[in-house]
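A.B. asks: The task is simple: from the sequences and hints, build the whole structure.
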Amino acid sequence: ESDEGDAFTDDDRRVIETGKPLHRTEETLTDAAGNERVLETWKIPFTPVDSDEDAVLGVANDITDLTDARDALDRQRRLTNLYAVSSRVFKSTDPEDAFDACVKAVADVVTADEL
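Numbered according to our numbering, the sequence shown spans residues 1 to 115.
By construction, these hints were calculated from the structure, which means they are not laboratory data.
Everything hinted at is true.
Estimated spans, in silico, between C-beta atoms of each pair:
#, residue 1, residue 2, range
1, Leu66, Glu4, 13 to 23 Å
2, His23, Asp52, 18 to 28 Å
3, Glu4, Asp71, 16 to 26 Å
4, Asn61, Lys91, 41 to 51 Å
5, Cys102, Ala32, 39 to 49 Å
6, Leu66, Pro21, 18 to 28 Å
7, Ile16, Lys104, 44 to 54 Å
8, Glu26, Asp52, 29 to 39 Å
9, Leu73, Asp31, 22 to 32 Å
In this text, a Cβ means the ideal position worked out from N, Cα and C, and glycines have one as well.
C.D. replies: Given below as structure tokens:
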């Protein structure tokens with residue numbers, strides 16, 4: 001957990017030193033109950049009205065459910081693709097057709113992973 005805290009502190013320092021906002025689309029942390037949570041965070045430089053000290057204003061949105069749903073859909077897509085390929089391979093009487101089905105399946109997975 002101290003590594004997580006160090007990462008947050010490092011981000012705060014970076015925002016203060018550069019004067020530039022920081023946006024992390026996915027950042028994992030462990031909550032008090034020991035559960036891993038995924039956050040989308042924004043940090044911006046901020047100077048409080050009653051102080052000359054530089055500070056950071058941060059907003060975190062818990063997107064754990066969203067990432068879990070995305071991962072479940074990805075697993076389902078892969079299983080559906082595997083089923084379609086295996087069905088085509090087993091039904092095929094032409095080895096070249098079976099090979100083409102396998103190549104297409106691999107290409108679909110690689111393309112989807114790159115998105």
